[in-house]
Structures are given as structure tokens and as C-alpha cells.
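Required output: the full structure, derived from the provided sequences and hints.
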Amino acid sequence: MNTQPDQERLNTQANQPQEPIQNKAPFFDLESSGDSLEDGRVTNLYFQRFRMMDLSFFVFNLIGTGLTVIALELIHYDQQKEARLVILWMIFISNLILMGLAVVRNQAKLKWRESKGDVYSGFTKEHVELLMEIIIIVASPLPFLDDISFYFTNDFVDGDVYYYANELLCLTLAFRVIFFIRTTLLNSYWHSNRTDRVCSLYASQADYMFTIKSLMRNQPFTVNYSAMILLIFVFGYCLRICESPLNRIDISSNDFSSYANSMWCVIVTSTTLGYGDYYTRTLLGRIVMSVVCILGNFVVSSMIVIITNESYLTTLENKVVILIDRLSLKKQMQQEAAMIITIFGRMHYAKRHLDLSEEEFTDMSKKMKKYAIQLKLTTRKYVAARALGSQLEEINSGFNSLKENLKQTSQLQEELIKANENLIYKIDNK
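Quick note on the working numbering: the sequence shown kicks off at 22 and runs consecutively.
No wet-lab data here; the hints were simulated from the structure. Glycine is no exception: its CB is placed at the ideal position from the N, C-alpha and C atoms. Zero decoy hints are in this set.
List time: in silico EDC-like cross-link candidates among lysine to aspartate or glutamate, alpha-carbon distance up to 20 Å:
id, residue 1, residue 2
1, Lys132, Glu147
2, Lys137, Glu147
3, Lys424, Glu436
4, Lys132, Glu150
5, Lys137, Asp60
6, Lys397, Glu357
7, Lys130, Asp228
8, Lys102, Asp167
9, Lys137, Glu442
10, Lys146, Asp75
Label pairs and their computed distance ranges (CB to CB):
id, residue 1, residue 2, range
11, Glu338, Val404, 19 to 25 Å
12, Gly297, Leu83, 34 to 40 Å
13, Ile308, Gly180, 21 to 27 Å
14, Asn330, Ala393, 39 to 45 Å
15, Val312, Ser247, 17 to 23 Å
16, Gln355, Glu425, 38 to 44 Å
17, Ala160, Leu294, 30 to 36 Å
18, Val312, Ile169, 25 to 31 Å
19, Ala393, Glu338, 31 to 37 Å
20, Ala393, Tyr246, 51 to 57 Å
21, Ile362, Ile325, 48 to 54 Å
Now the structure itself:
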């Protein structure tokens, strides 16, 4: 066979100049993202930058929220106009800074997602979120609206009642609570760059809903009680604002000028008790209480489900209960058998020595028969408990075997994923 052409082709390929291998960009160069595969160090630095921007947003949101609460008290009682205007201007300036931080935070998030290989073009979901954030921030008390009021009529009082414009804008603080919740979730263990990478391997999305589900699984009581407390404080605050026009005229009944009364009304309504000692009389107040009814039912129902699930025994606890039950039944069998032997011995002794009358002998026979029936029932329970324990052991053995097989399959899958990543990396570097 003639191999000369093949040999010449091989020599030609060997003599061709090889392309130099390009060194990979250092991990601290955040602007280099030419590789198709994700570099964990680069994406983690982008994520830390995004988290830092979110914390800055959290701080200024907290400052603006605190100033708004103070301004609400001054607006509600129409006191200290000069101090009120100073606080309103401080709120205005903090909101301007907050809008700038919202834009920077959104850009940091997009940079992080782009470093992970996501491509964004046009008007995306992140831009919609940014627009909603800016609307919530803008809808805050403003110094230009300090003297503006809105009058309306109400069937419960005579004459016109009114809302201050800035008083109504204070209701937007209920939406700002979402920003605090978002920052809390973002800084939890279940929302990180590593979590996002692991979720991408298993075709899952590491969003805020995933974080909430993870927290509900590991800390159900903490999440549920936090939601209940947040519901009481936030909607109690909103209810106090909504009912303020009537409180300025008549506080003899339904005094919602007290924050404690507002929270009490939210508690009674959300738990479906409805004592009726406090009730809303304005349209906005009724809208707020309608939302409280829906959210309260959800939170209370979740609490019942969590308590029910927590009351179930785990597999190991169930084994312990079955074992203790068997030991208790075994001890009961011994006591009943001992009573039967004791009564039988006394009857045999009395029969030989004629110490018992016929009536006493009959009573002892009935008592022995009673203990014999109890012993028979206890023995059946013991056998059933022993059989149940054996069945549980067989089921647990089967589950353990299945778990081991799944573990081996998972390890094989991870090895295949690593091999696939190495192959793609080699192809990209050629």
C-alpha cells in the first residue's frame, strides 16, 4: 500500500506554525468576558458589587422611610410647619439620591447577569422593575404639596372631611417595604452567586421566589411569624392614614389616631375574629382592610399547615415511638400474666385448704378470666407493633438503597457535566 501521500500530509501539518496559546485574563479584570464558560471568580466579584449597591440603596431607603414617618406625624396634627418643610426637603433630596442608586443598582445587576452569559437587548424585565422602583420613590411626600388638601364627604360625619396630599403619598411606604424584603433575601445564604451557578446546573432559576421557598423549608416558623408581624405593622400604619380625616373631627368612637388601635383592628381582621369594636369608615380604609383579609387568611392558613407538618414524626422518631410502644406493651403483658398466675395460685391454694367460699371463688375466677382477655388483646397489639416495626425497617432499607443509587447517579451526572465543561473549554481555546 502506498503511504507516501499520507506521510507528506503529516509532515506538512507538523511543520505548520502553531498559534500561540492566549493567556486567560486575570480574575480581577472585570471587563474581560470573552469566554463562553462562566468564570466563578469574575461573576462573584460582579455579584458582590451588585450586593454593595443594593445595601447602599437599602440605607438611603431606610433614611427616607424614617423621615417620612416623622413627617406624617407633623402633617397629621398640622404642627411645626417650618420643621415639617425642612423634613420634606430632606425627603426630596434623599429620594433623588435613591433614584440614582436605583439606576446604578440596576446597571450592576445587568453587568452581573451579562458576566454569567445572559444577553439583554431592548426593554427587559429589569427595566420594568427599575421603572416601578422610580415610580414608588417619586410618589413620596413633597415640599411643593404641603398646603394641598383633597375634600370629600362621608356618611358618618357631617360636613366635608379632607386628606392632605402628602398624607396620601405616605401610603407608598407600604410598597417601600418590598425593598427591605428584597435586600434581606439578597443577603441570605440561599441567594448568592454560588446558588445561581448550582441552580443553572439543575435547570432552575435562583430568583427571590427560590430564596423564599428555601427559607420556608428550613425556617418555616421564622418566615411565617415575620410575615404576620410585618402585616400588622405595615397595614396598621396604612389604616391610621386612611382613617385620619374622620379622626380629626371625631375620635369618640373608632379612634384610629392611636397606632395601637389600628394594629388591633388589623389583628382581629386578619385572624377572622372580627369583634367589631373598631371598623373602617372611609373608602380607602375599607380597601386596605380588604387586602388585610386576603393576606391574613393566607398567612394564618400557612401557619396552620406549618404547625400540622411540624407535628408529624420523622422516620427516626417514628422508630423510637414504635420501640417504646413495644416495650410498654411487653411490660403490660408481664404484669397481666403475673396477675393471672397470682390469682390462679391463690385459687389452687384455697381449693386445697377450703379457705374460700363459693362466692369468693367465683369472683376470683371472673377476675382471672378478665386478666386473661386483657392479656390476649395486649399480645395482639404487641405482635402488630412488632410487625409494623419490621415493615418500617424494610421500607427504610428500600429507601436507603434507592438513595444510594440516586447518589451514585448524581455523582455520575456531575462527572459528565465536568467532562462536558472541560471539552467546551478546550474547544473554545483552540
